[in-house]
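Given the sequences, and given the hints that come with them, work out the whole structure.
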Amino acid sequence: MTERGFTRSAHRAVGAKIFGGLLAGLLAVVGFGGSAHAQGSGSATLDAVKARGQLVCGVSGDVAGFSLPDSKGVMQGIDAEVCRAVAAAVLGDPSKVKFVPLTTQNRFTALQSGEIDLLSRETTWTLGRQASLGFLFAPTYFYDGTGFLVKKSLGVSDVKQLDGATICVQPGTSTELAIADYFRANNLKFTPIEIENLQQIQQAFLSGRCDAYSTDSSALAGFRYTQGDKASDFVLLPTIISKEPLAPAVRKGDDKWFDIVQWVLFAMMTAEELGVSQSNVDTFATSTVPDVRRLLGADGDLGKALGLDNKWAYNVVKQVGNMGDVWNRAIAPLGVPRGINAPWTKGGLEYAPPMR
Amino acid sequence: MSGATLDPRLNPSRAAPKKGMTLSWSDPRLRAIVWQVVIIGAVAAIVWYLVSNTNRNLESRHIATGFGFLFQSASIPIGESLLDYTPSVSTYGRALVIGLLNTLKVAVVGVVLATILGTVVGIGRLSPNWLLSRVTAVYVETLRDIPVLLQLIFWYGLMQALPGPRQALNPVPGVFLSNRGLKVPMLTWQPGYWWVLLAFVVGLVGTLAYRRSARRKQEETGQRPRVWPAAVLLLIAFPGIVWAALGARLAVDVPALRGFNFQGGVTMTPEYTALLVGLVAYTATYIAEIVRSGILAVPQGQWEAGGALGLHRGKVMSQIILPQALRVIVPPMTSQYLNLIKNSSLAVAIGYQDIVSIANTTLNQTGQAIEGIFIIMLVYLTFSLSISLFMNWYNAHIALVER
Ligand SMILES: N[C@@H](CCC(=O)N[C@@H](CS)C(=O)NCC(=O)O)C(=O)O
Numbered sequence: 001m002t003e004r005g006f007t008r009s010a011h012r013a014v015g016a017k018i019f020g021g022l023l024a025g026l027l028a029v030v031g032f033g034g035s036a037h038a039q040g041s042g043s044a045t046l047d048a049v050k051a052r053g054q055l056v057c058g059v060s061g062d063v064a065g066f067s068l069p070d071s072k073g074v075m076q077g078i079d080a081e082v083c084r085a086v087a088a089a090v091l092g093d094p095s096k097v098k099f100v101p102l103t104t105q106n107r108f109t110a111l112q113s114g115e116i117d118l119l120s121r122e123t124t125w126t127l128g129r130q131a132s133l134g135f136l137f138a139p140t141y142f143y144d145g146t147g148f149l150v151k152k153s154l155g156v157s158d159v160k161q162l163d164g165a166t167i168c169v170q171p172g173t174s175t176e177l178a179i180a181d182y183f184r185a186n187n188l189k190f191t192p193i194e195i196e197n198l199q200q201i202q203q204a205f206l207s208g209r210c211d212a213y214s215t216d217s218s219a220l221a222g223f224r225y226t227q228g229d230k231a232s233d234f235v236l237l238p239t240i241i242s243k244e245p246l247a248p249a250v251r252k253g254d255d256k257w258f259d260i261v262q263w264v265l266f267a268m269m270t271a272e273e274l275g276v277s278q279s280n281v282d283t284f285a286t287s288t289v290p291d292v293r294r295l296l297g298a299d300g301d302l303g304k305a306l307g308l309d310n311k312w313a314y315n316v317v318k319q320v321g322n323m324g325d326v327w328n329r330a331i332a333p334l335g336v337p338r339g340i341n342a343p344w345t346k347g348g349l350e351y352a353p354p355m356r
Numbered sequence: 001m002s003g004a005t006l007d008p009r010l011n012p013s014r015a016a017p018k019k020g021m022t023l024s025w026s027d028p029r030l031r032a033i034v035w036q037v038v039i040i041g042a043v044a045a046i047v048w049y050l051v052s053n054t055n056r057n058l059e060s061r062h063i064a065t066g067f068g069f070l071f072q073s074a075s076i077p078i079g080e081s082l083l084d085y086t087p088s089v090s091t092y093g094r095a096l097v098i099g100l101l102n103t104l105k106v107a108v109v110g111v112v113l114a115t116i117l118g119t120v121v122g123i124g125r126l127s128p129n130w131l132l133s134r135v136t137a138v139y140v141e142t143l144r145d146i147p148v149l150l151q152l153i154f155w156y157g158l159m160q161a162l163p164g165p166r167q168a169l170n171p172v173p174g175v176f177l178s179n180r181g182l183k184v185p186m187l188t189w190q191p192g193y194w195w196v197l198l199a200f201v202v203g204l205v206g207t208l209a210y211r212r213s214a215r216r217k218q219e220e221t222g223q224r225p226r227v228w229p230a231a232v233l234l235l236i237a238f239p240g241i242v243w244a245a246l247g248a249r250l251a252v253d254v255p256a257l258r259g260f261n262f263q264g265g266v267t268m269t270p271e272y273t274a275l276l277v278g279l280v281a282y283t284a285t286y287i288a289e290i291v292r293s294g295i296l297a298v299p300q301g302q303w304e305a306g307g308a309l310g311l312h313r314g315k316v317m318s319q320i321i322l323p324q325a326l327r328v329i330v331p332p333m334t335s336q337y338l339n340l341i342k343n344s345s346l347a348v349a350i351g352y353q354d355i356v357s358i359a360n361t362t363l364n365q366t367g368q369a370i371e372g373i374f375i376i377m378l379v380y381l382t383f384s385l386s387i388s389l390f391m392n393w394y395n396a397h398i399a400l401v402e403r
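Taken in order, these protein sequences are the chains called A and B. When we follow the numbering used here, the leftmost residue of the first sequence carries the number 1, and every step to the right adds one. When we follow the numbering used here, the leftmost residue of the second sequence carries the number 1, and every step to the right adds one.
Keep in mind the hints are simulated off the structure, nothing from the lab. The structure displayed is predicted, hence computed values, not measured ones. A few of these clues could be false.
[As the list claims (entries may be wrong)] Here are the computed lysine to aspartate or glutamate pairs in the EDC-like style, where the Cα-Cα straight-line distance is at most 20 Å:
| no. | chain 1 | residue 1 | chain 2 | residue 2 |
| --- | --- | --- | --- | --- |
| 1 | A | Lys256 | B | Glu59 |
| 2 | A | Lys189 | B | Asp84 |
| 3 | A | Lys252 | A | Glu115 |
| 4 | A | Lys252 | B | Glu59 |
Shown next, in the form of structure tokens:
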């Protein structure tokens, strides 16, 4: 890895140690914060974001296609775009986001403790996380699944051939649970190598410490893509062993904030469905289609109902784009086909409830 | 110490006469009691506030609580374990016990090896041999100043640079070194081995008894009979004869490449090795300095006196200097041992699943952060207290006994 990657990995491993984020998290849970404000918008998080003039958003910060700073230091990727879309809706400015890099292990305490307003970090929506961790998940913006990457030289073409293999996987993920369940169900054995830091786990895989590297298959595609010339030395096994619907998460107990995050994403899906994109949104200013007029705030009070400006969705589409725009910018370059992530009108699963 | 130097107030016959406590603020004993009550009350109030506030916040955020998760089956995979463990079947409780054993495995071996290495290096730094004292000095001065996390990552990187299992190094038949670790053959246990083990224990008791009688003879006659021939006989030959008499059965489990990796034998994984080597190399630098300063604290006259008795340098060191230096060395060692154990939690960074790694993953998967942190704190507290107690006992044991 580069100089930067290395110091950061050292940093993170220390920071992610026992008492770092966790203790901060505990203190916040133990101490203060809690019930929503009586006055204001009725959403403590919304009030805090507005007062701060900035959205604090938890991302991974090191996965191509999801959140990775470009050469100018600007965070790119679909997770980052979700953060920007919420900032555009709430503050009218997508640049007013503070990105907080989190590991697979410390992301949940960061949200529980109030260190971040929103978690948008390749996080799978599961019952356990919703019920036990105390989170609400806004809609799935990426239907992913656990896959396996192996070196071509290993000569493996199917997951079932991985009996007895050593597999690199990050701790605290739904991936590790999915692998354990899948191997158990198929009566196969494996040895895990669990390393929290992304660079370290990828290094372990590249060095041959592990036979396979497993995570969300989109991230595997991104990883393979970043190998450049060597990409063809790696094979992404065809079997996907689990459902990994990735969704942004917020704390329970602030329903209005949940509404906002959820409907920002729905607005991006609706815009795509209606053909309203970042490049043509202004040509719809005089549209007579009621759905479009409501989306862009020309009719109705949908924004006000959410506690936002009526131009909220217009700002999101104009400043960040619709779901398709974001996909084309962030994910398409990795060579991942849209597949089931297409809008329902095109045979995919992306489906927003009516905006009325 | 002699009575003459005693503080006269500690001498019961000369202490001030005892008075009854008066209910006056000017009575220091009454003041002390009042303050203690106030402070205990304040601490209790703070604890009560924190606990009730935590509960309220956990509830309002719908975060699960309780220790019930310990009995639920855990899907977290564990790579290295001293107990049987099947992910998706075994419980979180078992996973945590495995993490605890993994921590113990590195802590116990690490403390022993760091002590040995540190002592050797500490003595080496004082050696009149120029090369030896330079080499040990460079070792101590460099490794002490590099953050231990970077050292661990370095060692782990080195382990990963080894060839893959299919190209494993095979220095001795049955021993394989690859990026999957060091694989060595292992004896498979035979029922007859119990008798061999029993013979060894009997031999050990016999050896100890013989050594005692040898010491007594030395005190009486000044002549010390050799102990080692008897020890060899009792500890090696006797169990060997028992083993031969039972049919000399030998079953060895030799590692062999099957599928992706070696099967059979015992493995020292790269993760464990890197952690152990890193912690030992780092902690030994501090121990070396403690040993060195302990030796320097023994007056030069002791060396000269030993030399005057005709003892050579090594004997003076082991029989005269070190036993005295130990009293300076032992107290600061406690904190080095504790440091080693605390640093072992950096295992997370190089994929060794110690108690912190497994507890962190558990709390991540179950959402029970407070319980998870509580378990980690309990484990480290127990370690710290046990080591402190043991070292205090040992310190008292070696303290100068005055006659
Ligand atoms: N979706 C899964 C897996 C998430 C995950 O492991 N993501 C990896 C690869 S996409 C990651 O974020 N790595 C970046 C990092 O740890 O810094 C989950 O929610 O548990």
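Each hint, compared with the structure:
1. Lys256/A - Glu59/B: Judged against 20 Å, a Cα distance of about 19 Å means the pair holds.
2. Lys189/A - Asp84/B: 13 Å, holds
3. Lys252/A - Glu115/A: 14 Å, holds
4. Lys252/A - Glu59/B: 10 Å, holds
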